[in-house]
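Asker: Next come the chains, spelled out residue by residue.
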Amino acid sequence: MQKEKTPKKKKQKRVGKRADNREYSNIMLLFTGIFALMIGYLIFFQVSESREAINNPYNARLETFEKRVVRGNILASDGQVLAYTKVNEDGTETRYYPFDCTFSHVLGYSDYGRTGIEELGNFQLLTSNAYFAEKFINELREKKNIGDNLVTTLDVDLQTAAHDALGEQKGAVVVLEAATGNVRALVSKPDYDPGLVRSEWGRLSSSEDSILLNRAMQGLYPPGSTFKTVTLLEYLREHQFDSENYSFTCEGKVPMGNSSISCYHGTRHGVLDLPGAYARSCNGAFASMGQELHVDAFRKLAEQLLFDSDLPLALPYSKSSFRLKDSDSEALRMMTAIGQGDTLVTPMHMAMITAAVANDGVLMVPRFLDRTESYTGATVVERYPVTEYGRLISEQEAETLQEYMRAVVENGTATPLKSDVYTAAGKTGTAEYSSDKNRSHAWFAGYVTGDRPDLVVCVLVESAGSSSEYAVPVAKRIFDAYYAGE
Amino acid sequence: MVNVITELSKYAIVLFLALYTLVGFRLVRKPEEEKRAALWQQDLLLFGMHLLSNLILYLNTENEKILYFAGAQMVLFMAFLILQHVIYPKVDHLLNHNLLVLLSVGFLMLARLSFDKAERQFELAVLAAGLTFLIPWIIRRSAGKLRGYYWWYGAAGLGLLTAVLIAGKLSFGAKLAITIHGISFQPSEFVKILFVFFVAGMLYETRELRRLVIATCAAAAHVLVLVLSRDLGGALIFFVVYLVMLYTATRQPLYFLAGLLSGSGAAYLAWKLFAHVQTRVLAWSDPFSVIDKEGYQITQSLFAIGTGSWFGLGLGQGMPFKIPVVEEDFIFAAIAEECGLLFAIFLIFVYLCSFYMILNIAMCLKDAYYKLVAAGLGTLVIFQAFLSIGGVTKFIPSTGVTLPFISYGGSSLLSMFAVWAIIQGMYLKRSDEVTGNAKGKDAKKEKAEKGRKKG
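Heads up: the protein sequence lines correspond to chains A and B, in order. The first sequence begins at 36 in our numbering and counts up by one. The second sequence begins at -14 in our numbering and counts up by one.
Just so you know, these hints were derived from the structure itself, not from any lab. What you are looking at is a predicted structure, and each value in this text was computed from that prediction instead of being measured. Note that CB positions come from ideal geometry on N, CA and C, so glycine has one too. Treat the hints with caution; some may be incorrect.
To be verified - Derived DSS-like pairs (lysine-lysine); straight-line CA-CA distance at most 30 angstroms:
(1) A:Lys354 - B:Lys15
(2) B:Lys75 - B:Lys351
(3) A:Lys102 - A:Lys179
(4) A:Lys102 - B:Lys50
(5) B:Lys75 - B:Lys20
(6) B:Lys15 - B:Lys102
What the hints assert, rightly or not - So, partial list: chain B residues that the calculated Cβ filter (under 7 angstroms) puts toward chain A:
(7) Val(-13)
(8) Asn(-12)
(9) Val(-11)
(10) Ala203
(11) Val266
(12) Val275
(13) Phe288
(14) Leu326
(15) Leu327
(16) Leu344
(17) Asp352
(18) Ile367
(19) Phe380
What the hints assert, rightly or not - Quick list of simulated restraints, FRET-style, between CB atoms:
(20) A:Val416 - B:Cys202: 46 to 52 angstroms
(21) A:Ala71 - B:Leu131: 50 to 56 angstroms
(22) A:Leu65 - B:Leu254: 50 to 56 angstroms
(23) B:Val71 - A:Leu65: 48 to 54 angstroms
(24) A:Tyr166 - B:Gln237: 54 to 60 angstroms
(25) B:Lys50 - A:Pro351: 45 to 51 angstroms
(26) B:Leu213 - A:Leu65: 24 to 30 angstroms
(27) B:Asp101 - A:Gly425: 35 to 41 angstroms
(28) B:Cys202 - A:Ser83: 45 to 51 angstroms
(29) B:Trp136 - A:Ala71: 38 to 44 angstroms
(30) B:Lys278 - A:Asp486: 51 to 57 angstroms
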């Protein structure tokens, strides 16, 4: 309230009156306080919460943004344009994707419904942070403003390498930077041209190959031998002091109930220590481990590694599942230990587990968007922070797994990845998904260290066959491209 | 060209309302003469905003009816101001200005949302202004006699609320209204006023414990009946109004705190026990997790406010119909969406300014009874505005309360007009106290004065 300059006498009188009315002043103060809080909340909501809140598919108002703003560009991390909108002479707009099919699933489309980054960043792309004066003049002239640019973490070279390496095969590739979570490439095949979705909708949506499904994030596959990393970690936890004494003699197969589990191509690995069993991916060794593991602890570990949990992902994904129970049969335990059984995983999740191993146990939240800029690039509207999700396994465990994974490349199933330029590590896998043993998925989940930041690569090739024949070469081309582009 | 006008006007109406509230706050505590001298400023801003906002609405909707309607409102506003000036020259004209600003914004939004409802609201406003016109005179003349009948007010109020509980029809999960001869009205809107007079009559002269206990029990009975009718907003208003009046009457902060504590306890119990309370709390604490059902309304409201941003999408340019019950309880979201959050915040300031004016009247009055009535009515208005705005913006759980003078609804409008008229009556009372006139005498004197003026 205002204070006025008054003669002293009057002032004293006022004080007396105020004391009489203290309760009324207090009530005024109380409501002033409550309203100050509410108005403060409204300003806070508008400044820092509203962007996230209103960027919601339930907000029909976003559709009207298109009437006021020309959709902004999506850029690769180095500034190459991945998607842009051209205003035609008749005022209609066309969305172009200069790389055609290469970025299909991760970019998504915006022409006929919306998916991928087009959906994730819809609000930013349809919001203009051009200079106020420019926008004001545009509004007066009834001209559309130009939407902001979205800079992604994607790398054109790596994406192209992954896309080309998969070739005509069905499957998925995820490439992550271990220390930041930056998604450098994300490929799902079969792919499509995002610019042609409207005209080809009939073919795309009815295809038996589920062309529109983003296999990298939503495809659930049996993990096969890549799951031996989890089994190995559980074994190490249960045998902290005697894992060095481990020895297994592989005869090519182990009995399981009335049948048996055999090693790939029936190979006899002979006498193996633990690193040898992992490097050579001996099914017999890991199936026998599965017989004696504590199921509850095993499941707890799987949960720690985010099976059956929500993943910190901004794009739609499927939840991986690990279903083994104490009451399950011995056969199921053995199958689960070698990555068969009921376990299902997405390539993205497998990449995240591998990224945590490469990053000394700490998982970084996979990051698709780097920043939003005004269309001229003059102002950065928003930077999306690098965020740590948390520690999945201890640093020591991560270092041990790193050694085991390196041995796979040195003298195991992934020797083609040996290189003078970089050091690769990882785990191969062959996942059977039907009774036809010749039709199986090929996996590789690994990473590369060297002069450049650690790069995680997860490859899945559907119904291809042996991992080393199909998935490992894909990983090799990506690693090579990464170090060639130095 | 049209675009240039609408774009520029969008900013202009925010500016007008901002200046209007500024003048209002500056004058709250100024002496009478100074207030009077500044009245023209608010007149200008008020009518400027009214004309400009209706012009934008017309240009954006191209509905000619908007122009006629805006003209009709001008006539109503002018008539109201002039009649008040002539018949009650000593009322608080600033308070009347606030009433007109709120009305104007209400008509504007209703005309944008549903022209039929706007017309109906206008008719009701004319009726309400007429019906309540004599109230200041009655209060000034005979309030002394009215204060004795407080038992009647309590009994009538409680009776009406109970009638709603028994015979009311359910809408949006609560029993609020009774329909008689096809006319539906909400008794609780009027019982609020009776309740203030009841409590004031109970508490103004004595602070003996027995009386406090009886008054508290009677207040609790009001609240309980409302809770049973599932009118949570109404129950909260009665509760807070009683607490404030109890505190100002007894000067015991402890009573206030004890009341708050027991109220919180009761709210916690209600949350534990009743599914409909849990629903509202859930819709408030995490509306996006239940966006399909319980959270639908509040999330749509947040979309409207957030998308409208600081300066709004422009009148007629948003999608307020996506918000359920937008003409009534959620009208604040539509205002924020199309006129902008800044405009909406200045509108909040209009309520706050009115509250200061009313409490200021309470502080200037000497008669303990009127002081209590003014405090009660002031609290009634400001707390109702708080519940409505807070609920719409997810600051607090939504309780389904109308926004005074703005939301569509005859009962709410009429009762708010009545509150304003009673307060103006007390403002006249206050100037009588200042000039030292006794209750009955001055009325005669004024009549004589008026006669002289007319002659």
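Asker: Look at each hint and say if it fits the structure.
Answerer: Here is how each hint holds up against the structure:
Proposed proximity of Lys354 of chain A and Lys15 of chain B is contradicted: the alpha carbons are some 66 angstroms apart, above 30 angstroms. For the hint linking Lys75 of chain B to Lys351 of chain B, the alpha-carbon distance of about 18 angstroms falls within 30 angstroms, and the restraint holds. For the given pair, Lys102 of chain A sits about 7 angstroms from Lys179 of chain A by alpha-carbon distance, which is consistent with the 30 angstroms threshold. Distance hint between Lys102 of chain A and Lys50 of chain B is fulfilled; the C-alpha atoms sit about 27 angstroms from each other, no more than 30 angstroms.
Straight-line distance between C-alpha atoms of Lys75 of chain B and Lys20 of chain B comes to about 11 angstroms, which keeps the hinted pair within the 30 angstroms bound. Simply put, Lys15 of chain B and Lys102 of chain B have alpha-carbon atoms about 39 angstroms apart, too far for the 30 angstroms limit, and the pair is violated. Hint status for Val(-13) of chain B relative to chain A: violated, with the closest Cβ pair at about 9 angstroms, above 7 angstroms. About 5 angstroms separates the beta-carbon of Asn(-12) of chain B from the nearest beta-carbon of chain A, less than 7 angstroms, and the hint is met.
The restraint placing Val(-11) of chain B at the interface with chain A holds, with a minimum CB-CB distance near 5 angstroms, inside the 7 angstroms limit. For the restraint placing Ala203 of chain B at the interface with chain A, the shortest Cβ-Cβ distance is roughly 21 angstroms, beyond the 7 angstroms limit, so the hint is violated. Hint status for Val266 of chain B relative to chain A: violated, with the closest Cβ pair at about 17 angstroms, above 7 angstroms. For Val275 of chain B, the shortest C-beta to C-beta distance to chain A is roughly 12 angstroms, which exceeds 7 angstroms, and the interface hint is violated.
Against a cut-off of 7 angstroms between C-beta atoms, the interface hint on Phe288 of chain B holds, since the closest Cβ of chain A lies about 4 angstroms away. For Leu326 of chain B, the interface hint holds, since its Cβ comes within 7 angstroms of a Cβ in chain A; the closest pair sits about 5 angstroms apart. Because the smallest distance between the Cβ of Leu327 of chain B and any Cβ of chain A comes to about 9 angstroms, over 7 angstroms, the interface hint for this residue is violated. A distance limit of 7 angstroms between C-beta atoms decides the matter here; for Leu344 of chain B the minimum to chain A is near 5 angstroms, and the interface restraint holds.
Below 7 angstroms, beta-carbon pairs count as interface contacts, and Asp352 of chain B has none with chain A, the closest being about 13 angstroms; its hint is therefore violated. The criterion of a C-beta within 7 angstroms of any C-beta in chain A is met by Ile367 of chain B, whose closest approach is roughly 5 angstroms, and the hint holds. This hint holds: Phe380 of chain B has a C-beta 5 angstroms from the nearest C-beta of chain A, less than the 7 angstroms allowed. The given range of 46 to 52 angstroms is broken by Val416 of chain A and Cys202 of chain B, whose C-beta atoms sit roughly 59 angstroms from each other.
Here the CB-CB span from Ala71 of chain A to Leu131 of chain B is close to 36 angstroms, at odds with the stated 50 to 56 angstroms. The hinted range of 50 to 56 angstroms is not satisfied by Leu65 of chain A and Leu254 of chain B, whose Cβ atoms lie roughly 24 angstroms apart. Against the hinted window of 48 to 54 angstroms, the Cβ-Cβ separation of Val71 of chain B and Leu65 of chain A comes to about 38 angstroms, which falls outside the hint. For the pair Tyr166 of chain A and Gln237 of chain B, the supplied restraint of 54 to 60 angstroms holds, since their beta-carbon distance comes to about 59 angstroms.
Between Lys50 of chain B and Pro351 of chain A the Cβ separation comes to about 47 angstroms, which falls inside the hinted range of 45 to 51 angstroms. At about 29 angstroms, the beta-carbon gap between Leu213 of chain B and Leu65 of chain A stays in the expected band of 24 to 30 angstroms. At roughly 57 angstroms, the beta-carbon separation of Asp101 of chain B and Gly425 of chain A lies outside the given 35 to 41 angstroms, and the hint is violated. Between Cys202 of chain B and Ser83 of chain A the beta carbons are some 46 angstroms apart, a value that agrees with the proposed interval 45 to 51 angstroms.
One distance hint, 38 to 44 angstroms for the beta-carbon pair Trp136 of chain B and Ala71 of chain A, holds here, with the actual separation near 39 angstroms. Our hint of 51 to 57 angstroms for Lys278 of chain B and Asp486 of chain A holds, since their Cβ atoms are close to 55 angstroms apart.
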